[in-house]
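Asks: These are the residues of each chain, in order.
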Amino acid sequence: MRKYLFIAFAFIACVFFSACKKSGGVTLPEFSAITLTPQQSVYHVGDTVVCSIKRLTDGDPSLKAATYWFYTSWWGSDPNYTADFCEPELVNGDVLFTSSKIGLSKAGEVRIYFWGRLEYPNWNFQPITIPVTLNVEK
Amino acid sequence: MKRLLSLFLVLLCTVVTIVAAESLTLSVNNKPLREVLTLIEQQTTYHFFYNSNLSGLDKQVSASFRDTELEQALKQLLSGTGITYKFAENNVIVLSMDEPNAKQHSVSGVVYYEDSHEPVIGATVIVKGTTKGTVTDFDGRFELDEVKNGQYIEVAYLGYENYDIRVTAKTTDYKVFLKEAASELDEVVVVGYGAQKKVNLTGAVSVVNQKDIVGRPTANMATALQGADPSLNLTMSAGGPGSSYNINIRGMASINNSSTTKPLVLVDGVEMDLARVNTNDIESVSILKDASAAAIYGSKAAAGVVLITTKSGHEGMAPQVTVDVKAGWKSPTTDHDFITQGFWSAYISDIFMQQHTKTAMTTYNDADYAELWMRLNDDTENPERPWTVVQNDGSYKYYANFDWYDHYFKSTRPVQDYNISLKGGNNKINYYVSGRYYGEDGMIRIDNDKWHQFSTRAKVNINVKPWMHYGVNFSFFSSRYTYPGTTSSREIFRVGSLHAMAYIPATNPDGSYVYLNPWIYSGQGTVGDGMSALLMNGKHKNTNINREMVLRNTLTFDLYKNLTLNADYSFTWRMKEITNRSVKVPYSAKEGTTDLIENFRSVDSYHQQLARYQTHNYNVYVRWNPTWDDHHLTLTAGYNGEMYRYHSLSAERMDLVTEELSSFNFAKGEVTDLSESIKTYATNGFFARANYDWKGRYLFEVSVRADASSRFAPGYRWAVTPGGSLGWRMSEEPFWRPIRKWWDNAKLRASIGQLANQMTGYYDYIQSVDASGMFTQSITLDGATVLSYATEADPNAGTLTWEKMTTYDVGLDLGFLGNRLSFTGDFYIRNTTGMLNTGTALPAVYGATDPKQNSANMSTKGWEISLVWRDKHKVLGKDFSYEIGGGVGNYKTVITKYNNPEKLLSTYYEGQTLGELWGYEIDGLFANQGEVNDYMSRVDPVRSEVYTDIVGVLDSKAPGLHPGDVRYVDLNGDGVITSGNNTVDNPGDRRIIGNTQPRYNYNFHVSAEWYGVDISLYFQGIGRRDWYPMTEATTYWGPYSRPYQGFMAKDFMSNVWSEDNPSAYFPRYRAYEALGAANSLGPANSRYMINVGYLRLKNVTVGYTLPCWKRVFSEFRIYFSAENPWYWSPLLKYCRSIDPEQAIAGSQAITYGFAKSFTFGITATF
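Protein chains in written order, with the numbering used here: chain A, 1224 to 1361; chain B, 191 to 1356.
In short, the hints are calculated from the structure, not lab data. Any given hint could turn out to be false.
[What the hints assert, rightly or not] Calculated cross-link-like contacts (lysine to aspartate or glutamate; reagent style EDC-like; alpha-carbon spacing at most 20 Å):
hint	chain 1	residue 1	chain 2	residue 2
1	B	K780	B	D700
2	B	K1240	A	D1301
3	A	K1287	A	D1301
4	B	K1087	B	D1040
5	B	K869	B	E461
6	A	K1329	A	D1281
7	B	K338	B	E461
8	B	K780	A	D1301
9	A	K1287	B	E505
10	B	K387	B	E1305
11	B	K613	B	D700
12	B	K766	B	D700
13	B	K401	B	D1040
14	B	K618	B	D700
15	A	K1329	B	E574
16	A	K1287	B	D1250
17	B	K221	B	D1250
18	B	K322	B	E308
19	B	K587	A	E1360
20	B	K1062	B	D514
21	A	K1287	B	D1003
[Stated by the list, open to error] Selected chain B positions facing chain A (in silico; Cβ < 7 Å):
hint	residue
22	Y353
23	A560
24	D1250
Ideal placement from N, C-alpha and C gives every residue a C-beta, glycine not left out.
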């Protein structure tokens, strides 16, 4: 009886975990959290930061194309800012994505996002969205 | 104490005596005992207590009491019922069966037909008030055990009157003779200028079941009649309120004027439009399908006749009021799950466009696409990512996820329907009066369109003298449709979606309207062609008003025994009023600026059209129907005349001083229209018909009609159309007796008849001068207008005359098992001769279009069958009746003569099957470059007509044939794919790939009724009808038609070919491929031709007739009814946003959406 319970549990666990990883029928790459440089608990208006993020897993090999960029929560309504596109770099065996220098021009709780648009076969486009929240003081 | 007790006893006895002696004044005639008991309860202080299944309660009783003691009255009423009474406490009278301790014993018997004395198989035999019962065997015998003396046994058989046996101790073996029910024998069908017993019909006449029409939540008769008979082809032009319809019986009767050569619809003898008939008024509908049945109507009956008879009061009918109220909602029959994500709408249009011309559709770069991507799942605006970003120069850039379909259209809308009628009569007068209001909201969300309809009918028949009868029948109909936008409400469904992409919202942040913007498109794309801005501006107003009044007076004189003279005059007056107001529409492309839309829809104008239609119709005819011995004769002869006049005035003027008021009084600009149109015609006709039958066994009918029409030149005006039919009721023959116990009816019919069609133009035989262009046509000399001129039309042939339709019909009517199973079948041939078309080709020096002549013929062959099973049983002591039936029909029309010796495919040709669709053969999509190379070694795409766009537009990303493109088959092996010289003999690489005419019209229905609950399901469909989606079928083709059309299914791309999706339905993505004949998807082809046949659950109704409140209501029913709730079609596999009937309505499938409706209703009769 135990054997069957174990098999059932293992089956459910497999389904559960594979479902978590897959999106739109494909396994997406996994990323670390965004690392800010310099690392501070509080930033001030006028500071600049550089964001980086590490790709932990490659995901489904059927990936046809991918576009990555960084974006901030205050750029959306400002026509002078556009997406900060970035390409992956191999650094010490890690695949890294690094932003340009981002000037913190708004005070308050702001967010910086790492976005990705991953194109898989059959117009299966999948998103990557990883945010980080900063406290910016005047 | 003793005295007191004695006094109390005396008082008690007195009270009991007084109560028991309560008197009754009542007169009943043939009423069920159950109802009489209720009447007694109403008059007295008593209440009856009984088992409602008690046998004898349904016995019809007649009695008259005047101040009669209740007990005496009860004795009289209950006499012979086996029921006894007992006075109980609290003024309660308990009823029960007598002989409660009676002996039980077995009862047996044989059931026979009364006329033939043959045994009845399958008759139901049941002990009343119980669930005990049986069915007669092959010898008509039945046996029942444990039946008490005094109980009643009911013998029932469909089509025969029920027979009751009271069980007594003396008899145990019974002989029962069932009498044929009068209703089955005498079912009368309305035919031309009279009525006939159904069993005596010799022509092809279908009767539409009243129950299939009345009470359905439809706006009018047109929608209710759809699919009612397999011979009837009724298609709606659109799904909106007041949409017009096309109708024909057994296919098109002529290739000319298919819209006007339609069946004659007569409502109580007056021609009316089905769309203006209230379904609740309908008593019966007859469809006269063959020429012999319709011949008596002559000139207008060429395409068949639909006879509608409305309800009437009857002699001896107490005033009866019926109220029917229903309300519910409508919603689209189709799915509109279109793309609402800005990213996808921009992305798809760009990749399709780039494959066509290299330039993207939008102006968006990678950064803009990133903006769209980040908003992908923002159903509403996120403050971090607004949908509109004001640029530094003030212009707007859009990154929206806007649902344009939802912006324009509602998904549900209310509908309401109120009906009231009153009918009654006595031996002097009978009457029927009804009124109806029907209203529904349209599907246009912005400035919602609305339909209001009111109609009334009043019918009174008076027996002025025993020999003179007068009838008046008045009906009035009024509808008002108000809608926003341009003059054609259909426009919104097409242009509204153009350039209305999900990444563009309808309004800017300041509330101004979006129309033209340099950021939106690389070209000059205008959002919805201004339709959204125009609607939101709310100043475009349109109203269509229709009013119709019909007044019919009839006089009938009983001149002599069986001889009547009938005269009637009817006057139809109809008025149509159309008003259209439009204004200049503002929009904004930059913050703080406003411009006006510059197109023909954004003009300041007011237009009004008033049209009046008047018809006078006269009939005078005599009818003589003598009967001697077994001979029955009916002679009908008379005159029919009609005069018609149409008068229309139309005016339009520009520049009104205010946008708020619409009147010519406020217009100061150019008069752009001031025109008048008058059309008249008159017909005279004489008709005669003779019907004869001997013993109801041999049936004959001959008729003739002579008609003259003003539409033809003198000398060509008259047409004589004869018709004849005969029938043989084999089942009435003596030799049929042995099988009559299970085969009740067999009738063979045959008919031949001719009809004539006058539906050419009003003045086609006269060469006309068109003066309507004198406003704009003028000769200008040195800048000055010196002369206005009119245009002379091409010469006409003065010898034009009637088109003739000759129909041959053979039919069979069968009835089995007490007519529980009935079958009707017809086979017919209809030859149409003398159809108008271009006659003999004249030399080019003639200098004008060759005049038309009566020179084309065609032939239609078809069949129809219908099968119905209806029966009634007792279930748990209650009647359970049910019916299952269906019908199917098919026809094929072939052109047998046409002046097209070269057999050009651009017009009709001899031997052509009507509706045939010529197209190319596609055997698949190129899977790889190898297949392309192989194909190009055999076929030259550059010289092929179908690849012109693919190989011709060299500026595209991928010019030339590629994997994923469609592969046309070189049928004639000449190395190119062309249409040849477009003739039958040289069609190039085309063949007949399908047919656009309906094949296998069918319907079937199931209904049942038990214990007050009724349920009915009605299905209707077409087996096959081929459709090739034409260029503007944009919701089907998506960006293959126009890359900037906004209504595109969310899963559209999953059907698009790619290397990852090689088995896709659609080819390689490329814009405009479906937009023209030179493009690869433009010409009709086998791969993308679709069968739009369908099966539709036309109606499902569930009702419950409440047993309570009998004292007030004779019927109180609540019901739920759904119209068009479900359909299936092969089209669903490829496109879920187009209803198959939408495709049938037009090759572009762009119409007002078809709707399903769900309503709850109450019908109360008192």
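Asks: Next, verify each hint and record whether it holds.
Replies: The hints, checked one at a time:
Proximity of K780(B) to D700(B) is assessed by CA-CA distance (about 10 Å); at most 20 Å being required, the pair is judged to hold. A hinted pair counts as satisfied when its Cα atoms are at most 20 Å apart, and K1240(B) with D1301(A) does not qualify at roughly 31 Å. A C-alpha spacing of about 32 Å is found between K1287(A) and D1301(A), which places the hinted pair above 20 Å, so the restraint is violated. Pair hint K1087(B) plus D1040(B) holds up; C-alpha atoms about 18 Å apart against a cutoff of 20 Å.
In summary, the hint linking K869(B) to E461(B) is supported, as the alpha carbons are separated by about 18 Å, within the 20 Å threshold. Proximity of K1329(A) to D1281(A) is assessed by CA-CA distance (about 35 Å); at most 20 Å being required, the pair is judged violated. Restraint check: the Cα-Cα separation between K338(B) and E461(B) comes to about 61 Å, which exceeds 20 Å; the hinted pair is violated. Between K780(B) and D1301(A) the alpha-carbon distance is near 16 Å, which keeps this suggested pair within the 20 Å criterion.
Only pairs whose Cα atoms come within 20 Å are accepted, and K1287(A) paired with E505(B) is rejected, the gap being roughly 84 Å. Distance restraint check for K387(B) and E1305(B): the Cα-Cα separation of roughly 30 Å exceeds the 20 Å cut-off, and the hinted pair is therefore not satisfied. Distance check on the hinted pair: K613(B) and D700(B) sit about 61 Å apart at the alpha-carbon level, beyond 20 Å; violated. A threshold of 20 Å between alpha carbons decides the hint, and for K766(B) with D700(B) the separation of about 42 Å lies outside it, so the pair is violated.
For the hint linking K401(B) to D1040(B), the alpha-carbon distance of about 52 Å lies beyond 20 Å, and the restraint is violated. With a C-alpha separation of about 73 Å, the suggested pair K618(B) and D700(B) falls outside the 20 Å cut-off, and the hint is violated. The hinted pair formed by K1329(A) and E574(B) meets the criterion: a straight-line CA distance of about 12 Å does not exceed 20 Å. For the hint linking K1287(A) to D1250(B), the alpha-carbon distance of about 11 Å falls within 20 Å, and the restraint holds.
For the suggested pair K221(B) and D1250(B), the alpha carbons sit about 78 Å apart, so the restraint of at most 20 Å is broken. Between K322(B) and E308(B), the direct Cα distance comes to roughly 26 Å. Violation of the 20 Å bound is thereby established for this hinted pair. This hinted pair does not check out: K587(B) and E1360(A) have alpha carbons roughly 31 Å apart, beyond 20 Å. Taken as a hint, the K1062(B) and D514(B) pair is broken in the structure, with Cα atoms around 27 Å apart against an allowance of 20 Å.
Distance restraint check for K1287(A) and D1003(B): the Cα-Cα separation of roughly 69 Å exceeds the 20 Å cut-off, and the hinted pair is therefore not satisfied. For Y353(B), the interface hint is violated, since its Cβ never comes within 7 Å of a Cβ in chain A; the closest pair sits about 68 Å apart. Because the closest C-beta pair between A560(B) and chain A is about 4 Å apart, less than 7 Å, the hint holds. With 7 Å as the threshold, the beta carbon of D1250(B) comes within range of chain A, its nearest partner Cβ sitting at about 3 Å, so the hint holds.
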